Amino acid sequence: MSKKIISMIMCAVMAMSAAALTGCGDDSSAAESTAKSVSAEKSVDISTVADKLFNDIEYKDQLVELSEDKIEGVTGISKDKFKSAKVYRGSGATAEEIDCFEAVDEDSAKDIYSSLSDYVEKQKTRYADYAPAEMDKLNNAVLVQSGKYVFLSISDDDAKAKEIIE
Amino acid sequence: MMNLSCSLKTGAGFFCFICEKILAMDKVLCYNNLGVFCYTNNMPEISNDKAAVRSMDNYNNEPNIQQIRKKRVRTQQSIVSLFSIACLLFSCVWGVHAAGSSTKFFAPSEPDSSSAAEADTKNKNVKKTSNSSQQDEPVSEEQADSTAEHDENDDLSDALFIGDSRTVGLQNTCPYPKAVFLCNIGMHIDTALTSLDFTLSNGNAGTLIDAVSEGNYKRIFINLGLNDIGWPDTQIFIDYYTDLIKALQESQPDAEIYAEAILPVTAARELEGDVINNTNIARFNEAIEEVCRSTGAVYLDCSEAIADANGYLPEEASTDGIHLLADYCDKWLQYIIDNT
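Protein chains in written order, with our numbering: chain A, 902 to 1067; chain B, 115 to 454.
With the rest of the complex left out, here is chain B (with noise of 0.2 angstroms):
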C-alpha cells in the first residue's frame, strides 16, 4: 500500500509538473484507481490516499462547479494538443524519410538514357524457357551490353540479311532497326532465287532478287545452308549458291557479298543422328568457300564468336540446339559488325 501511494504520488506529480511547465495550466484534473483529485499550484503535496480524497472533497465544496468543469476540459485539449503534435512530428520525420528513400529511384542519371533502356529492355523481356535448366538464367547486362568495347557507329543502315529461320532469328534480336533482312523460315539454296516468298513495297509477292532490288545496300549477308546440308552432293548446292551471288552482284554492283559459314549446332543435337551434325556442316562450309573463291564474294565464319572449343554451339546457346538465343545473336552480329 505504502510503495502504490509512492508511485501514485510521484506519476501524478509528475504528469501534473510536465502539465504545469509546459501548458502553464494552473489546475490539473488526475485520475488514479481511488477517484478523481485534484491537485492545483497551490494545493499541498499529497503525501497519502486519504489525503487525495479529502482533498477531493473539500473541491466538491467549492462552489464554482463550473470553473472546474472549465479547467478540466482545458486540459483535455491539452492532452488532445500534445498528442497532435507528436502525430505532426511524426508525420513530418516520416514524409523527410520517405522523399529521402524515393530519390534513389530517380538519383542515377543515365547518360544514354535510350541504351540503358535497350539494355533494360533485353534483360526484362528474355523469357524464360521450359525445357533447359541452363536457359532459365535470364541474360546478364554484361551480356546484353556486349556491343560496348566494339564499333558502335555501325548501325548497319547499308546492310542486308539473308537467309533461313537463323537469321529471322537474328532479325528478331537485332538492335539495329534501319539493318534489311530479307529471310524466311526453311529458306533453301535451291529455291532462294525463284520462290515468291517476298512482299514487296507495291504489296505484291516478289523473288528475292525483286525484293533486293528496292534497296541500295553496300553489305549483303548470307547465311543458307543449314536446310540443304542432307545433300549428299555438295557441287549442285556449289552451283546454286553461285548463282545467288552472281545474281546478287548483279542487282548490287557497288555491295560487298559476304557468304557466310553455316553456324555449328550443339553436341546434343548432334547425337540425335540426322543429317544435321557438324560435319556435314563442315563439308558444305568447304563448298561456300570454293563459291567466294569463284565469284569473289567474302567467305565470313562467325563461328568463333558463338562456338565453345570443340566447335559445338554451346547447349545454353539454343532451345533446339540449332537457333540462337537472343545473347548468342548479340555475338554473332557483332562479330559481323566487327569484321566488316
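Only chain A is shown next, with the shape it has when bound in the complex (with noise of 0.2 angstroms):
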C-alpha cells in the first residue's frame, strides 16, 4: 500500500517539475519552435524579415513603421492584393525604406512587385535631381517575389538586405 502511494507521489513530483519547466521556459523557444514548424511549409514571416531589415541594417533616416491601416494609402498598393504586410518610411530625408508584403495569392505578389518595380522608377526620377547621391541607394534597390511574397529594401547595403531576403 505503502509502496503505491510512494510512487503515486512520485508521479506527482515529476509531472508537476515538468510543467514548472515548460511554463519557465523562454517564450524566444517557443517562438523558434514556431519559426521550424513555419519554415517546414515553407511559408516565410513577412514580420520578421521586415524587422531584419529594419535592425541589422543602418539607416541614415529615421524609419517609421506604418499602422495596417495606412499601408494602402501610402503605397497605393491595393488591401485586397495582400494578406499582410510591414512597411518603414522615412522623413523624406532620404530613399530609404522597407516594403515586406504577403499577397494573396502569386498572382498578386506579381501585381505588387509591379507596383513596386514602378515607385523606384518614379523614386529615381525625383531623386535624381532632388538628392542625387540617393541615387546610388535606388540603382541598388533590393526588390525580390518569392512565391506570394514581395520584399523591398533601399538602403546603403544591398548586400546584405539580399542576404536576410534570400
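By construction, these hints were calculated from the structure, which means they are not laboratory data. Be careful, since some hints might not be right.
[As the list claims (entries may be wrong)] Here are the simulated lysine-lysine pairs, DSBU-like style, with alpha carbons at most 30 angstroms apart:
1) Lys1011/A to Lys292/B
2) Lys961/A to Lys445/B
3) Lys1049/A to Lys292/B
4) Lys980/A to Lys332/B
5) Lys1011/A to Lys1025/A
6) Lys982/A to Lys292/B
7) Lys292/B to Lys1023/A
Predicted model, so just to flag it, every value in this text is computed and none were measured.
With the hints as a guide, bring the two chains together.
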C-alpha cells in the first residue's frame, strides 16, 4: 500500500516538475519552434524579415513603421492584394525604406512587385534632381518576389538586404 | 575519538528519532564510517563504537535476515518519499511564485488599448540614426502622446495635404489614416499643376488637380515652396502659387484652403551656405502671405510649434536639417489640428 502511495507521489512530483520547467521556459523557445514549423511549410514571416531589415541595416534616416490602415494609402497597393504587410518609411530626407508583403496569391504578388518596381523608377526620377546622392541606393534597390512574398529594401547595404531576404 | 563518538551518537539518534516519530518505523538502519549498525525501539542507547559493532554482530546472528532487508527497503522508500514531498512543496511554492510574477505582464488593463498600442508602436519602431548623438534618443512617451491634451475628435477625415518631401514625412508619421496626402519628393510650385505625378483611382497617371477632383474635402493644406526658395524673384513664385490656389478653389469650392508657411531649417543646415536658409524662407513666406491676401486662402504659420527661440528648427528635429523626424511631425500636425 505504502509503495503505491510513494509511487503516486513520485509521479505527481515528476509531472509538476515537468510542467514547471515548461512554464518557465523562455518565450523564444516557443517562437523558435513556431519558426521551424513555418519553415517546414515553406512560408515566411514577413514581419520578422521586415524587422531584420530594420534592425540589421544602418539607416541615415529615422524609419517609422506604417500602421496597417495606412499602408494602402501610402504605397498605393490595394488592400485586397495582400494578406499582411509591414512597411517602414522615413522622414523624406532619404530614399531609404522597407516594404514587405505577403500577397493573397502569386498573381497578386506579381502585381505588387510590378507596383513597387514602378514606384522605384519614379523615385529615381524624383531623386535624380532633388538628392542625387540617393541614386546609389535606388539603383541598388533590392526588390524580390518569391512565391506570394514581395520584399523591397532601399538602403546603403544591398548585400545585407539580399542576405536577409534570400 | 570521544567527540566523534558523541556526534555519531547524537546524529544517528536524531535521524532515527525523526524516522521513528514521523514515519512510525519500528527499526531504522543507520550507516556511519564504522560500519552498519541497527537501532530499534527496544535497543538500548548506543554509548560507543564498540557497542555499535557488538549490536551489529548480535543482529547478524538473528535468523530472519529477510526481515532486515525488508526494513532496509522500507527505510530507503521513506527517504525517497521525504525527498519527493520536499520536491512537491518546492514545486508548489515555485509555481505560485511564477504565477504571481507573470500576472505583472497582464495586470494593467488599458482603457484604450488601440491608442496605447499606437504609442507603444511609435516608441518601438523609432529607428536610431547614425549621424547624430541626439537622434539616438528614442522618442519619449510624452512626445509620442502629444495629442493627449488636444482635439482628439479631429481625425482629419475631411483634410487633404499637398506638399513636397516634408509632407511625405508627415504622411509617414500621421496617425490618421483617413487624411489624404498628395505629395511627392521634390515637388515644385511651377510644375504642381502640370506634372503627371499622381496615380488616379483608375490606375492612370494624372495631374494634382485630377487627383484632387476624386475626393471631397473641407480643408486643404498646402506646404510647398522649399524647393523654390532659390529663385531670385518671388513674383513668379507668387503667380504659380496663386494659380494653384485658384485651381484648388475651383475643384473644391467648399474647402477652406490653408497655405502653410515654409518651415525653418536648422542652424547647421543654414551654415552649409547654399540657398536653403531661413532668410530665403522668410522672404518666400512673405510671398505666400501676399498670395493668401489676394486669393482668400488662410495663411498658416506652424513654425512656432517646431522652432526654437531663435526661429531655427532644432538640430535634434531632423537628420538633414530640413526634414522633420517623427516627434516633430507630431507637433506640426497637432498645431494644424488645433488651429484649423
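Against the structure, the hints:
no.: 1; hint: Lys1011/A to Lys292/B; in the structure: holds, 28 angstroms
no.: 2; hint: Lys961/A to Lys445/B; in the structure: holds, 22 angstroms
no.: 3; hint: Lys1049/A to Lys292/B; in the structure: holds, 28 angstroms
no.: 4; hint: Lys980/A to Lys332/B; in the structure: holds, 26 angstroms
no.: 5; hint: Lys1011/A to Lys1025/A; in the structure: holds, 21 angstroms
no.: 6; hint: Lys982/A to Lys292/B; in the structure: holds, 20 angstroms
no.: 7; hint: Lys292/B to Lys1023/A; in the structure: holds, 25 angstroms
Hint check: no violations occur; every hint is consistent with the structure.
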